[in-house]
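Place chain B on chain A using the hints.
Sequence lines, in order, name chains A and B. Each residue of the first sequence is one higher than the one before, counting from 2 in the working numbering. Each residue of the second sequence is one higher than the one before, counting from 20 in the working numbering.
Mixed in with the good hints, there may be bad ones.
Think about it this way: if two alpha-carbon atoms lie no more than 16 Å apart in a straight line, the pair counts; the simulated EDC-like pairs of lysine to aspartate or glutamate are [claimed, not checked]:
| no. | chain 1 | residue 1 | chain 2 | residue 2 |
| --- | --- | --- | --- | --- |
| 1 | B | Lys119 | A | Glu60 |
| 2 | B | Lys119 | A | Glu99 |
| 3 | B | Lys68 | A | Glu99 |
Simulated from the structure, these hints should not be mistaken for laboratory data. It should be emphasised that the depicted structure is a prediction, and the values quoted were computed from it without experimental measurement.
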Amino acid sequence: SQTIHQWPATLVQPVGSPLSLECTVEGTSNPNLYWYRQAAGRGLQLLFYSVGIGQISSEVPQNLSASRPQDRQFILSSKKLLLSDSGFYLCAWRTGNEKLFFGSGTQLSVL
Amino acid sequence: AQSVTQPDIHITVSEGASLELRCNYSYGATPYLFWYVQSPGQGLQLLLKYFSGDTLVQGIKGFEAEFKRSQSSFNLRKPSVHWSDAAEYFCAVGVREGFKTIFGAGTRLFVKA
Numbered sequence: 002s003q004t005i006h007q008w009p010a011t012l013v014q015p016v017g018s019p020l021s022l023e024c025t026v027e028g029t030s031n032p033n034l035y036w037y038r039q040a041a042g043r044g045l046q047l048l049f050y051s052v053g054i055g056q057i058s059s060e061v062p063q064n065l066s067a068s069r070p071q072d073r074q075f076i077l078s079s080k081k082l083l084l085s086d087s088g089f090y091l092c093a094w095r096t097g098n099e100k101l102f103f104g105s106g107t108q109l110s111v112l
Numbered sequence: 020a021q022s023v024t025q026p027d028i029h030i031t032v033s034e035g036a037s038l039e040l041r042c043n044y045s046y047g048a049t050p051y052l053f054w055y056v057q058s059p060g061q062g063l064q065l066l067l068k069y070f071s072g073d074t075l076v077q078g079i080k081g082f083e084a085e086f087k088r089s090q091s092s093f094n095l096r097k098p099s100v101h102w103s104d105a106a107e108y109f110c111a112v113g114v115r116e117g118f119k120t121i122f123g124a125g126t127r128l129f130v131k132a
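One chain only, chain A, in its complex shape (with noise of 0.2 Å):
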């Protein structure tokens, strides 16, 4: 069966300091791949997501980037954290028009 891994769960980096957000799929190949953000009582806002290997598409101009080394790892990252970075990030994937299977999350919080 199909399982995806996020972790962290918790992080706090103070600002100014790098970012590395690991995401890995199993029982799946070629999935499609996303990273939401979630904000404190706001939705689901997209971050990026991926159609295959080094294959990137950015929804939002923002401070953050990612990166699809293989198959199924999607690596969220920022080279210098923001306040307005803090939140809750979810990574998903799906295969077709599917539902979206979530990960866990990572509650990241910047201070």
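Showing chain B alone in chain A's frame:
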């Protein structure tokens, strides 16, 4: 541009009462529509989806939703709410470009005894 509107930020209903959560979407083609539920600090779980066919779709946990093309709506309903239904509910539309899913801002459901 594609968008999803959930006009109610939060709703409070009594346990055992009926529930309707509103959702309107904007998308030029035939949409794929979803309702997800999120418990605090967790990822999202799919309640139901509409791709085509019968406009009234049944989901898990006794939820249903009706697609009304003329109103660009996909409202979620449940005839009798249980305290365990308290959570945040997200309506979403799937778009073909990049197989993206666009979410609404969510509606937080509170259930009172």
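For each hint, the structure was consulted:
no.	hint	result
1	B:Lys119 / A:Glu60	holds (10 Å)
2	B:Lys119 / A:Glu99	holds (11 Å)
3	B:Lys68 / A:Glu99	holds (9 Å)
Violation of the numbered hints given earlier is absent; every hint is satisfied by the structure.
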